[in-house]
Amino acid sequence: MDDLEFRRRAFANPHDQDPEFLAAAAASPERSRVLSQLQVLDERVSKAARSVPVPKDLAARLKAREVPAHKPEKTSMRRYFAVAASLIVAIGLILSPGLITARPSAADMKFHDDVIGHVYREIARYSPGLDDISLNQINSVLEETGGHLRDDDQIKQMHFKFANGCSIAQNSKGAHIVLDGSRGAVSVIVVHNSPVTTKFDVNDSRFAGKIIPFGEGNLIIVGEKDEPLDVYENMIESAFEWSR
Amino acid sequence: MSETPVLDDRQKQQRYESLVDALYQDVYRYAYWLCKNGALAEDLVQETFLRAWRSLDSLQNDKAAKAWLFTILRRENARLYERYRPDLVDIEDQSLMDSVDNEPDQRMDRKLLHDAIASLEKDYREPLLLQVIGGFSGKEIAEILDLNNNTVMTRLFRARGKLKHVFFPDGDPDAGLDEPPDE
Numbered sequence: 001m002d003d004l005e006f007r008r009r010a011f012a013n014p015h016d017q018d019p020e021f022l023a024a025a026a027a028s029p030e031r032s033r034v035l036s037q038l039q040v041l042d043e044r045v046s047k048a049a050r051s052v053p054v055p056k057d058l059a060a061r062l063k064a065r066e067v068p069a070h071k072p073e074k075t076s077m078r079r080y081f082a083v084a085a086s087l088i089v090a091i092g093l094i095l096s097p098g099l100i101t102a103r104p105s106a107a108d109m110k111f112h113d114d115v116i117g118h119v120y121r122e123i124a125r126y127s128p129g130l131d132d133i134s135l136n137q138i139n140s141v142l143e144e145t146g147g148h149l150r151d152d153d154q155i156k157q158m159h160f161k162f163a164n165g166c167s168i169a170q171n172s173k174g175a176h177i178v179l180d181g182s183r184g185a186v187s188v189i190v191v192h193n194s195p196v197t198t199k200f201d202v203n204d205s206r207f208a209g210k211i212i213p214f215g216e217g218n219l220i221i222v223g224e225k226d227e228p229l230d231v232y233e234n235m236i237e238s239a240f241e242w243s244r
Numbered sequence: 001m002s003e004t005p006v007l008d009d010r011q012k013q014q015r016y017e018s019l020v021d022a023l024y025q026d027v028y029r030y031a032y033w034l035c036k037n038g039a040l041a042e043d044l045v046q047e048t049f050l051r052a053w054r055s056l057d058s059l060q061n062d063k064a065a066k067a068w069l070f071t072i073l074r075r076e077n078a079r080l081y082e083r084y085r086p087d088l089v090d091i092e093d094q095s096l097m098d099s100v101d102n103e104p105d106q107r108m109d110r111k112l113l114h115d116a117i118a119s120l121e122k123d124y125r126e127p128l129l130l131q132v133i134g135g136f137s138g139k140e141i142a143e144i145l146d147l148n149n150n151t152v153m154t155r156l157f158r159a160r161g162k163l164k165h166v167f168f169p170d171g172d173p174d175a176g177l178d179e180p181p182d183e
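The listed protein sequences correspond, in order, to chains A and B.
Everything in the first sequence is counted per this note's numbering, starting at 1 for the first residue and increasing by one.
Everything in the second sequence is counted per this note's numbering, starting at 1 for the first residue and increasing by one.
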């Protein structure tokens, strides 16, 4: 085994137990030195990589097959309520076939994925601790989409943190507003055209939300799972006006 | 009605719990290094084990469970997180400060190592961590990463070359990096 091959194997696996490799290492003091240095390094790397503390209750949560979420853990009672609620919805749907809305199309699902991707990309820009912004600042961004928020009582109580133009919808300027929710940041996105014509839910492992046909455009609301999104939906729907 | 399904469910749960006990720590640590963030790693591990539960029947041999779980983990990371989250987030210092070392020197050493591992390009970091955390052979790593064996060997070679350069900058100038084998 030549030096190059020896080095290649030593760097790839300093603990290689193949007799041919071990003989090659023993054949020269320099090779032994390099190998022993790599083994020391490997010990340290292995120890460092394994020193990451593992959450204490993780095994129990895995065994209970809990659904991941960035929020306080679900209690078993809440799980029963969730099951009960699902049953009620299921029974309701069976008894009322006329109420079943059209399924989202492939284009709708692509827009759904675009929305989730957009929220993940933007999230670094509105980290906790930002100062509130004024309604005027929000409306100067919303103006680009052709709408504005009226200064009503509910809006006054909200803590808006971020407002910026947003290119989530093609061929239409959008506005991305972020406010403090009860579980974290809540994104409110308004676009002037209508990429989707059917209301449907947004979901991934972390976020929940909805995409809503909204006058001349769409209203999109996304927050951490468990955020009471209806509150923000009602608030925006009552305070928002298209101006053109 | 036959009692067999109940028994099957119980057996499935027992098998699943054995897998959790044996492997959750390694799976979590690998997840942590993949996404460099404790909360995301936790979500990722939960997703991974949920998937594993759903398709547990497809796992023929429990000896293959570790490679199977790591493969699911990588796929879930790509599906749920990677596409939305560029590899930007720095490793969390807090978790390092929570680690087992009490001596400041040891902590500093570990911090340096953490930074060095975290700053490796993903192509080099992944096979190295599969080797040192997962204990996988080159062939197993090649299967998990869907690469050929030579490419894995080259990436491991380069990963250690980079780390060695950080920790022994003067120790071995001809560390072999001048002549990297082709992938």
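Worth flagging that the hints you see were computed from the coordinates, not collected in a lab.
Don't take each hint at face value.
To be verified - Here are the simulated DSSO-like cross-link-like pairs (lysine-lysine), alpha carbons at most 27 Å apart as the crow flies:
{"hint": "1", "chain 1": "B", "residue 1": "Lys12", "chain 2": "B", "residue 2": "Lys162"}
{"hint": "2", "chain 1": "A", "residue 1": "Lys56", "chain 2": "A", "residue 2": "Lys210"}
{"hint": "3", "chain 1": "A", "residue 1": "Lys63", "chain 2": "B", "residue 2": "Lys66"}
{"hint": "4", "chain 1": "B", "residue 1": "Lys12", "chain 2": "A", "residue 2": "Lys63"}
{"hint": "5", "chain 1": "A", "residue 1": "Lys47", "chain 2": "B", "residue 2": "Lys36"}
{"hint": "6", "chain 1": "A", "residue 1": "Lys56", "chain 2": "B", "residue 2": "Lys111"}
{"hint": "7", "chain 1": "A", "residue 1": "Lys56", "chain 2": "B", "residue 2": "Lys36"}
{"hint": "8", "chain 1": "A", "residue 1": "Lys47", "chain 2": "B", "residue 2": "Lys63"}
{"hint": "9", "chain 1": "A", "residue 1": "Lys161", "chain 2": "A", "residue 2": "Lys210"}
{"hint": "10", "chain 1": "A", "residue 1": "Lys156", "chain 2": "A", "residue 2": "Lys110"}
{"hint": "11", "chain 1": "A", "residue 1": "Lys156", "chain 2": "A", "residue 2": "Lys225"}
{"hint": "12", "chain 1": "B", "residue 1": "Lys36", "chain 2": "A", "residue 2": "Lys225"}
What the hints assert, rightly or not - Partner residues aside, some chain B positions facing chain A, computed with beta carbon under 10 Å:
{"hint": "13", "residue": "Ala64"}
{"hint": "14", "residue": "Lys66"}
{"hint": "15", "residue": "Ile72"}
{"hint": "16", "residue": "Asp123"}
Everything numeric in this text was worked out from a predicted model, so none of it was measured.
Cβ atoms here follow ideal geometry from the backbone N, Cα and C, with glycine treated the same way.
**Item:** Pair hint Lys63/A and Lys66/B, alpha-carbon separation not exceeding 27 Å
**Value:** Within the cut-off at roughly 17 Å; holds.
**Pair hint outcome, Lys36/B versus Lys225/A [Cα-Cα no greater than 27 Å]** = holds (22 Å)
**Request:** Sort out whether Lys210/A lies within 27 Å of Lys56/A, counting only the CA atoms.
**Result:** Violated: Lys56/A and Lys210/A sit about 34 Å apart, past 27 Å.
**Asked** Under the criterion that the straight-line Cα-Cα distance not exceed 27 Å, is the pair Lys12/B, Lys63/A satisfied?
**Response** OK: Lys12/B and Lys63/A at ~12 Å, within 27 Å.
**Request:** Would you check the hint for Lys56/A and Lys111/B, treating anything up to 27 Å between C-alpha atoms as holding?
**Result:** holds (22 Å)
**Request:** May I ask you to test the interface hint for Lys66/B with respect to chain A, counting a Cβ-Cβ separation under 10 Å as satisfied?
**Result:** Nearest chain A Cβ about 15 Å off; hint violated.
**Request:** Take a quick look at whether Lys156/A and Lys225/A sit within 27 Å of each other, Cα to Cα.
**Result:** With a Cα-Cα distance of about 24 Å, the restraint between Lys156/A and Lys225/A holds, given a limit of 27 Å.
**Request:** Assess, step by step, whether the Cα of Lys47/A is no farther than 27 Å from the Cα of Lys63/B, and give holds or violated.
**Result:** holds (24 Å)
**Prompt:** CA of Lys56/A to CA of Lys36/B, is that 27 Å or under?
**Reply:** This hinted pair holds, its Cα atoms lying about 18 Å apart.
**Prompt:** When you check the alpha-carbon spacing of Lys156/A and Lys110/A, does it fall within 27 Å?
**Reply:** Violated. Lys156/A to Lys110/A sits at ~34 Å, over the 27 Å cutoff.
**Item:** Restraint status (C-alpha distance of Lys161/A to Lys210/A at most 27 Å)
**Value:** The given pair, whose Cα atoms are some 20 Å apart, holds under the 27 Å limit.
**Prompt:** Given the proposed pairing of Lys12/B with Lys162/B, does the C-alpha separation stay at or below 27 Å?
**Reply:** violated (44 Å)
The structure shown violates the earlier hints numbered 1, 2, 10, 13, 14, 15 and 16.
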